[in-house]
Each structure stands twice: as structure tokens, then as C-alpha cells.
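There are 2 protein chains.
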Amino acid sequence: MLGRIYHLGYAVEDIDAAARFYAENFGAQPSEKEVVEEQGIVATMFRVGESQIELVQPTRPDSPVGKFLAKHGEGFHHVAFQVDDLEAALSDLKGNGVQLIDESPRIGAGGSRMAFVHPKGAFGVLTELVELPEG
Amino acid sequence: MLGRIYHLGYAVEDIDAAARFYAENFGAQPSEKEVVEEQGIVATMFRVGESQIELVQPTRPDSPVGKFLAKHGEGFHHVAFQVDDLEAALSDLKGNGVQLIDESPRIGAGGSRMAFVHPKGAFGVLTELVELPEG
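Which chain is which? The protein sequence lines are A and B, in order.
Under my numbering, the first sequence has 18 at position 18, and the numbering climbs by one with no breaks.
Under my numbering, the second sequence has 24 at position 24, and the numbering climbs by one with no breaks.
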């Protein structure tokens, strides 16, 4: 049911330095930076095979990623897996008593539907499930 | 130069519970557990697209993963990227002053060659590079 790793999210203090690191050492081609003000982040991503690495810097310290950085420092933040049927996946997880952050899908970038499983429900890993729009 | 995400390593306290979680909720098919005594771990893996998730439980508290768990608790431990030419990748990283754990390749599972970049050299993410044997 997990189709692929859709992306890994890395929390960083300096998105330009991190993007340069992956470009210079690994030939990565990071996208234009995008500010998502309601999440309090600026993000860029680059492709690795069928997956992407998303570099995320907070725009304010009280945003979720800002708080994460203050507590944990830079590093892995979350993984997103593509699923075919997000409603069914959430229903299974709820039925099995797994702790969720989002009990029903939210709309994400490009019309995708996404939801987070709580890290306490997934052995310490903040896990996002993504269902892409058809076509 | 990063061909794909080869695997994600998750550190867990109870490998059987974690494997059951992914099997029951996501239809994952974890491999037989394998003890790697010199690393002080027992591991199982399951496929997600072109990548694998590796669940790792320490067999002793003084192993690297045991110490990681004591310090950080369960969760993401490392990411491994496949590269075509590990020597060239390490040479570039060294030339650019990136902090490495392994300055030259080690032999890993199935005759693969692998090396770790220090998390301090990669924005807090313990990053493994893997070159697979030909064929």
C-alpha cells in the first residue's frame, strides 16, 4: 500500500547553505524557494530517483518547524509515503488504534491530499501519507 | 549523482512490534530478521517502491544504535543514497571539506561498498552512500 517514498523533509537553519551543499557535492538541482506563510516555512526540493528531498527552513521561531529546530536541531523532520487511497489508509490506522495528527485528509500542494500520522503512532517517525490527484 | 534513496534506517525498541505495524497497516512484507553481531543490531527490511525501510533494534545498549536510542529515542536513524561511484563522491566531499565518518569505502551487505557522511557534515542527517556491485 506504500507506493513509494514521496519525499523526505529535512529541517535546516540555512536553506541556501543546505541547497548549495547538495548542489555542489551531489549535482542536485534544487527548485526555486517557496515561502508557505501559513506553515511558517520556506522550502526548496530536489529529485532523487522517484523521490524528492525537501529542505525546510522556518520563517519564524514559533512555527512547527521552528520549534522542532529549537528542540532537536537540524536534521530529518518527516517522511512522506505515497498511497493510493488515503481515506482507506486513515480508516485502517484509526481502526487499529494508531495515533494520528490528521484524522481526515488535508489539501496539500498541487491538489494532493495528505495527512500526518503522529510520531508516537509510528515508532518515533513523523510520517505523512500523500494521495496524488489522478492524471 | 544521487541515484535513488536506497533505504531509510529506523531505530526501534521492539523490531517485532514495528514490523507488525507496517505489515498490518500498510501491507508491508518485512524480510526475515538478521542479526549483525559486530554492529550489535538485529534488522529487517521491507520494500517501498525503489527504496527499502530498514528497521533496526540494538542487541546491546553499548552498540551505536543502542546509544542512539538512549539519547534520542525511537525514530529515523539514517538515510542511504545509491551513488554510481563512491570513491569519486568521497573525493568530492573531502575536497569540499565535508566531515566524513568513513574516508574510504567499507564493504557492506551483498558486496556493496558504503561510507557514512558525518551528520555534522550533512545538516544533521546521518547520510550513507552506497555503491552496488555491478550486475
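What the hints contain is simulated information worked out from the structure, not anything from laboratory work.
Where a beta carbon is used, it is the ideal one built from N, C-alpha and C, also for glycine.
Wrong hints could be hidden among the right ones.
Claimed, not checked - Restraint-style ranges between C-beta atoms, simulated for each label pair:
no.	chain 1	residue 1	chain 2	residue 2	range
1	A	D85	B	D84	21 to 31 Å
2	A	G95	B	E134	26 to 36 Å
3	B	E24	A	E50	39 to 49 Å
4	A	P61	B	K120	21 to 31 Å
5	A	A17	B	E103	19 to 29 Å
6	B	G111	A	E87	39 to 49 Å
7	A	H118	B	Q29	17 to 27 Å
8	A	A70	B	E34	32 to 42 Å
9	B	G27	A	G108	38 to 48 Å
10	A	D85	B	I101	34 to 44 Å
Claimed, not checked - Some residues of chain B that are not near chain A, with every Cβ distance over 10 Å (derived):
no.	residue
11	R4
12	I5
13	V12
14	A18
15	E24
16	N25
17	S51
18	G73
19	E74
20	V98
21	P105
22	G108
23	A109
24	F123
Quiz item: Can you list which hints this structure breaks, lowest number first?
Solution: 1, 2, 3, 9, 11, 12, 13, 14, 15, 16, 17, 18, 19, 20 and 24
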